[in-house]
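Student: Protein chains in written order, with my numbering: chain A, 3 to 194; chain B, 771 to 979.
Keep in mind that the hints are not guaranteed to be accurate.
Claimed, not checked - Here's a subset of chain A near chain B, in silico, CB distances under 8 Å, partners left out:
1) Trp22
2) Ile85
3) Ala180
Derived by calculation from the structure, the hints in this document are not laboratory data.
We treat Cβ as the ideally placed atom computed from N, Cα and C, and that holds for glycine.
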Amino acid sequence: MLPGDEKVVERCLRGDDAAWETVVNQYAKRIYNLTYRYTSRRDEAEDLTQEIFIRVYQNLKSFRSESGSFQSWIMKVGRNLVIDHYRRTRRYQQAAGSEEMETMNLRDDKIPSPQRVSEQSETSRFVAAGLQALSPELKEAIILRDLEGMAYMEIAELLGIPEGTVKSRINRARLELAKLLTKRRAQAGLQV
Amino acid sequence: MQCGLVEDRLSGYVERTLSHEEMVEVAEHLQVCPRCLSLMEAIGSILVACQAFPSYEVDTELLDRILLRTSGRPRTRSIRERLRTYFLQPVLTPRFAAGVGLALLTLAFLVNMVAPRMNVLASAFSPRELFRQMDRGAQQLYSEGLKLYDTKNEWQAWFVFHKNIVLHKLGFMIEQMDVPIEGNKKPAEQKQPEKAPGQRGSIVWLLTA
């Protein structure tokens with residue numbers, strides 16, 4: 003837990019709006035980036051981020067500091083909402099294989115140009131497209147570990163699975179992605 | 771070691787979290803298995819690419835929406851943000867930019883017409899010209915000083931001249947007043963010896979001195 007998080011949550015529960023603003027400012031970037039990794043769309047990521055914070059605000063009373071950090075709790079809320087969102091929009095589908103990967107593109111047509119430019123490097127595009135081709139649980143493993151930089155223990159806590167399972171899932175995800183990219187590289191003759 | 775076992779350990783090998791023995795076994799296998807080697811290289815590339823993934827900043831409008839839909843309180847804005855929102859954004863418009871551009875153009879034309887040429891200014895401020903100006907100034911100052919000195923001498927001479935005239939007249943008048951009238955002389959006064967020319971009235975003597 004970040005220093006002062008518990009006190010800030012207590013202040014939020016007492017109705018201190020400034021404290022809630024601190025929470026939003028502190029975690030908005032992380033939540034937004036997490037949702038963006040999942041959805042690859044700016045508008046959806048913004049909507050999801052907003053929904054997550056509304057849910058967090060409504061359920062602040064259910065947070066127990068004994069059962070984990072506030073950050074993990076927020077991430078859990080966020081993850082649950084992202085899964086709900088995928089189920090609702092029927093886009094949480096498993097896809098695999100280089101043929102599907104080739105047809106996939108970043109579908110974000112509203113990304114500001116600096117972001118788009120920074121993503122134009124070949125490897126980043128490969129990885130972004132490859133993520134869309136992975137199964138949900140493998141994609142989630144890559145996002146949490148390699149894009150969000152979370153520790154194995156944090157991921158285990160978030161997903162509610164043993165740490166060994168997290169490690170093997172991450173390894174499988176990387177292998178899957180590596181096989182896709184190797185196949186793609188062999189076909190296109192591009193350097194990953 | 772079989773390829774399947776190596777694949778299970780590739781992430782650990784890349785992250786160097788395997789035991790020493792496992793690291794050696796995987797490394798030996800990679801030396802003889804190009805397929806596993808290419809997979810290992812691909813994983814390394816993926817990790818590097820993931821690290822280079824951009825981290826996106828949150829739009830302030832999104833923060834506004836979140837706060838308004840939760841606590842209902844608008845977001846606290848910094849002074850810089852307020853300045854930008856309430857002053858710069860309304861001012862910095864294409865219309866304002868066009869106006870500023872036209873004003874600058876007009877100003878440039880006016881300056882070009884009214885202001886002295888730069889080469890003239892440059893020659894006027896050259897060291898040689900400056901020295902010449904200083905020399906001319908010094909000469910002018912000296913001539914003005916001489917004129918003042920002459921004027922002073924004229925005034926002094928005029929004053930002395932008129933002073934002498936006045937004094938002579940006064941001396942003459944006093945001398946006339948000192949002459950005794952016949953018949954009104956008292957006996958005591960008649961007995962007084964005649965004064966020497968140098969012992970006449972002290973005032974007359976002072977004036978004529």
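Student: The hint names Ile85(A) as touching chain B; please verify it with the least Cβ-Cβ distance against 8 Å.
Tutor: Interface hint status for Ile85(A): violated (21 Å vs cutoff 8 Å).
Student: Measuring from the C-beta of Trp22(A) to each C-beta in chain B, is the shortest one below 8 Å?
Tutor: With a closest approach of 5 Å, the Trp22(A) hint holds.
Student: Holds or violated: the hint that Ala180(A) contacts chain B, with Cβ atoms closer than 8 Å.
Tutor: Holds, about 4 Å.
Hint 2 from the earlier list is the only one contradicted by this structure; the remaining hints agree with it.
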